[in-house]
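Q: Generate the whole structure from the sequences, applying the supplied hints.
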Amino acid sequence: MNIMSSSISNSDTIAAHYVDEHRDDEASKLGMWLFLFTELILFGGLFLVYSIYRMMNPEAFAAGSFHLNVSIGAINTVVLITSSATVALSISALQFKKKRLTINLLLVTILFAFIFMVNKYFEWGHKFELGLFPGGDAFNALEGGERLFYVLYYFMTGLHGLHVIIGAALIAWVAWEVKVGKQTHDNFAFLENAGLYWHLVDLIWIFLFPLMYLIN
Amino acid sequence: MQENHSTPSHVSFFEETGGRKGIFKWILTTDHKRIGLLYLYSIATFFIVGAALGVMMRLELMYPGQQFVKPATYNSLFTLHGVIMIFLFIIPGIPAVFGNIMLPILIGAKDVAFPRVNLLSWYLYVIGAIFALSTLVFGSGPADTGWTFYAPYSVNTETNVSMSVLAAFVLGFSSILTGLNFIVTIHRMRAPGMSWFKMPLFAWSLYATAWIQLLATPVIGITLLMIFAERFLGVGLFDPSLGGDPILYQHMFWIYSHPAVYVMVLPAMGVISEIVSTFAQRKIYGYRAIAYSSLAIAFIGYFVWGHHMFTSGMSGPARVIFSILTFLVAIPSAVKVFNWLATLYGGSINLKVPLLYALGFIFLFMIGGLTGLILGALATDVHLHDTVFVVGHFHYVMFGGTGFAFMAAIHYWFPKIYGINYNMRRAISSFWVLFVGFNVMYFPMMVVGVMGMPRRYFDYLPEFHVPNFIATIGSWILSVGLIMMIGNLIVAFRKPKRAVDNPWNGRTLEWTVATPPTLENFDVIPTITKGPYEYHEQ
Numbered sequence: 106m107n108i109m110s111s112s113i114s115n116s117d118t119i120a121a122h123y124v125d126e127h128r129d130d131e132a133s134k135l136g137m138w139l140f141l142f143t144e145l146i147l148f149g150g151l152f153l154v155y156s157i158y159r160m161m162n163p164e165a166f167a168a169g170s171f172h173l174n175v176s177i178g179a180i181n182t183v184v185l186i187t188s189s190a191t192v193a194l195s196i197s198a199l200q201f202k203k204k205r206l207t208i209n210l211l212l213v214t215i216l217f218a219f220i221f222m223v224n225k226y227f228e229w230g231h232k233f234e235l236g237l238f239p240g241g242d243a244f245n246a247l248e249g250g251e252r253l254f255y256v257l258y259y260f261m262t263g264l265h266g267l268h269v270i271i272g273a274a275l276i277a278w279v280a281w282e283v284k285v286g287k288q289t290h291d292n293f294a295f296l297e298n299a300g301l302y303w304h305l306v307d308l309i310w311i312f313l314f315p316l317m318y319l320i321n
Numbered sequence: 025m026q027e028n029h030s031t032p033s034h035v036s037f038f039e040e041t042g043g044r045k046g047i048f049k050w051i052l053t054t055d056h057k058r059i060g061l062l063y064l065y066s067i068a069t070f071f072i073v074g075a076a077l078g079v080m081m082r083l084e085l086m087y088p089g090q091q092f093v094k095p096a097t098y099n100s101l102f103t104l105h106g107v108i109m110i111f112l113f114i115i116p117g118i119p120a121v122f123g124n125i126m127l128p129i130l131i132g133a134k135d136v137a138f139p140r141v142n143l144l145s146w147y148l149y150v151i152g153a154i155f156a157l158s159t160l161v162f163g164s165g166p167a168d169t170g171w172t173f174y175a176p177y178s179v180n181t182e183t184n185v186s187m188s189v190l191a192a193f194v195l196g197f198s199s200i201l202t203g204l205n206f207i208v209t210i211h212r213m214r215a216p217g218m219s220w221f222k223m224p225l226f227a228w229s230l231y232a233t234a235w236i237q238l239l240a241t242p243v244i245g246i247t248l249l250m251i252f253a254e255r256f257l258g259v260g261l262f263d264p265s266l267g268g269d270p271i272l273y274q275h276m277f278w279i280y281s282h283p284a285v286y287v288m289v290l291p292a293m294g295v296i297s298e299i300v301s302t303f304a305q306r307k308i309y310g311y312r313a314i315a316y317s318s319l320a321i322a323f324i325g326y327f328v329w330g331h332h333m334f335t336s337g338m339s340g341p342a343r344v345i346f347s348i349l350t351f352l353v354a355i356p357s358a359v360k361v362f363n364w365l366a367t368l369y370g371g372s373i374n375l376k377v378p379l380l381y382a383l384g385f386i387f388l389f390m391i392g393g394l395t396g397l398i399l400g401a402l403a404t405d406v407h408l409h410d411t412v413f414v415v416g417h418f419h420y421v422m423f424g425g426t427g428f429a430f431m432a433a434i435h436y437w438f439p440k441i442y443g444i445n446y447n448m449r450r451a452i453s454s455f456w457v458l459f460v461g462f463n464v465m466y467f468p469m470m471v472v473g474v475m476g477m478p479r480r481y482f483d484y485l486p487e488f489h490v491p492n493f494i495a496t497i498g499s500w501i502l503s504v505g506l507i508m509m510i511g512n513l514i515v516a517f518r519k520p521k522r523a524v525d526n527p528w529n530g531r532t533l534e535w536t537v538a539t540p541p542t543l544e545n546f547d548v549i550p551t552i553t554k555g556p557y558e559y560h561e562q
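Quick mapping for you: the protein sequence lines, in order, are chains A and B.
The first sequence begins at 106 in the numbering used here and counts up by one.
The second sequence begins at 25 in the numbering used here and counts up by one.
Derived by calculation from the structure, the hints in this document are not laboratory data.
Note that CB positions come from ideal geometry on N, CA and C, so glycine has one too.
There's no promise every hint is true.
Only some residues are given here: those of chain B computed to face chain A with a beta carbon under 7 Å [said to hold, decoys possible]: (1) Leu204; (2) Ile207; (3) Val208; (4) Val243; (5) Gly245; (6) Ile246; (7) Val259; (8) Leu261; (9) Gly476.
A: Here you go:
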């Protein structure tokens, strides 16, 4: 947040901050923050729908939550938080001109993203086997509130999973740019922005995990 | 009038091709002025399509009974008219066209902060437009839900709602990127010395608009995705028979779509501020009040969405609160109107066509705004909510307001953008035809609405015939006016009359640069020492 306030207070001397005419790292970071706001509000809409339906069907939501696998969710939470740390470390590593280490840290981040998605696959796959998906027999046998829980579960974790995939692809691209020398110790705005995006993916999961898995 | 300062050797952005040929000069450009013009041509095209659909609706309503379209076709007509006019014309309208072309120049910058993102937002616009229009050809016919896509009908209907919803989603993304670009541009790229309160008011209004685009649009994005999931997976999020709540859809929809009407009207107000000051040759009255009122409208605009749902079964206290907030939002709008009038008072008024359109805007927007208060009041809204009165009100603020401001902006900046003059006499007469046609068309709608004619029907009771007949005649006058206005601008290119750099004796930065502007707008970035409307010191 503090980039926002600094760019306002320095408004009269802005031109002095340019690196050159075609590169303004502060601007690209500000742009990324604004984009992250839109992502937060995108998920915010879903959280709103979730909270209203949970308020209308508290018991059904608790019952639905009871069937989710808390250990897989917890493992995935740890995996994502750790990956946020590795991506943050990669930025420091690049600032210390440790290129090899930077790339390795980014690859570890991608590995964590992969582990997350594999867990997710098994989790969803198990539910599908039980018929707990829109249109499935077990799903159709549920009453309205619990159905809504599962619909929101799939919708929210699905949209989040899509963000994990996009984030991992972004980090792969950054890793390649580090490798070919496009991101360097004094020019790493793209790496930083990809890192910001990855933290957002992490942040959203940190809210999703208790809301979905830890009711009661 | 000032002398033309641009040297004969200056290379305008039209001549600067970046080594590209033919159409690639345009569709691969990252120049904010070319992108603005790409938007202008595409938006104008869709406006004409939308207007033609509107004329068809008026023809159907000329007499009671079924005339020439089937009831279902009529439903598709007003849906497509709404989707095109809202998502393809009036939301991108002024920001994407005149914001793109003028914002960097007004704040003394060479381009927007992210030129390639700017081009991307136009691509997304075109993709969205193709999706929206493809419903005419593919699937089982264009959507018949109205542009609001209310659930559960939008989930159950056979027509191609999915494609329309996808179009609105993509167009929302385009709008977000434009807003994001403008915010960063204004924060980072103002010329040295251009503090926040030395910015022209058009830039202020774009800034307020950009925050709404950024913070409201994602809500409609996610809501439309839910409709999409609903249609393909039948998940029941908004279907009462499956446990969902259709009223929640309405809330989600209007949480975006009410702020969106300020995306439509705020930039228009910015244009009017520029024009009123220039053609009164007078410093704008209450600069800070106008700037702050833009932010106030953007802010309060988030909290009034419930007034679209007074008859949907909200609780009493919620309705009262939304009604009070709706009245509040009228205050900053009125602040602007009074400031414009105060600017005109005692000015040396130059009654050229941009000012005529601006005065037209003020007049029509006042009618639209005051009828808005009638709808914002609970007791009257319950009677008027589902009548044609709402249609009349909405067109007074949107067409009479933003539409007229759009035309004011075209006539104001046309000489700067193209470097040629249009015929002033013909421009003035087309304004009067438009103005008369507009009132003849939309005023009877409000009358017949008060009489009780419901909206969204292809047919009506015989006692509503006379006002409907007059309105249809009005639609013809309005069409003639539009053809005259557009024709006049096109004819200007036939025997081009070279425009001077500053035809209206304006004080903002765009009038100091070459005509048409060069690729980078400024040879030397200016240092700003005084406010944008200093007319008293020559």
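Q: Now tell me, hint by hint, if it's right for this structure.
A: So, going through the hints one by one against the coordinates:
Because the closest C-beta pair between B/Leu204 and chain A is about 5 Å apart, less than 7 Å, the hint holds. Taken as an interface hint, B/Ile207 checks out: its beta carbon lies about 6 Å from the nearest beta carbon of chain A, inside 7 Å. Annotation: B/Val208 was flagged as interfacial toward chain A, and the flag holds, the nearest CB pair being 5 Å apart, inside 7 Å. Hint status for B/Val243 relative to chain A: holds, with the closest Cβ pair at about 5 Å, below 7 Å.
Among the interface hints, the one on B/Gly245 holds; its C-beta lies about 6 Å from the nearest C-beta in chain A, closer than the 7 Å criterion. Nearest Cβ of chain A to the Cβ of B/Ile246: about 4 Å, under the 7 Å cut. The hint holds. Proximity of B/Val259 to chain A holds as hinted, the smallest CB-CB distance being about 4 Å (cut-off 7 Å). Contact between B/Leu261 and chain A, as hinted, is supported at the beta carbon level, the nearest pair being about 6 Å apart and thus within 7 Å.
For B/Gly476, the interface hint is violated, the least distance from its beta-carbon to any beta-carbon of chain A being 35 Å, above 7 Å.
Hint violations for this structure: number 9 only, all remaining hints satisfied.
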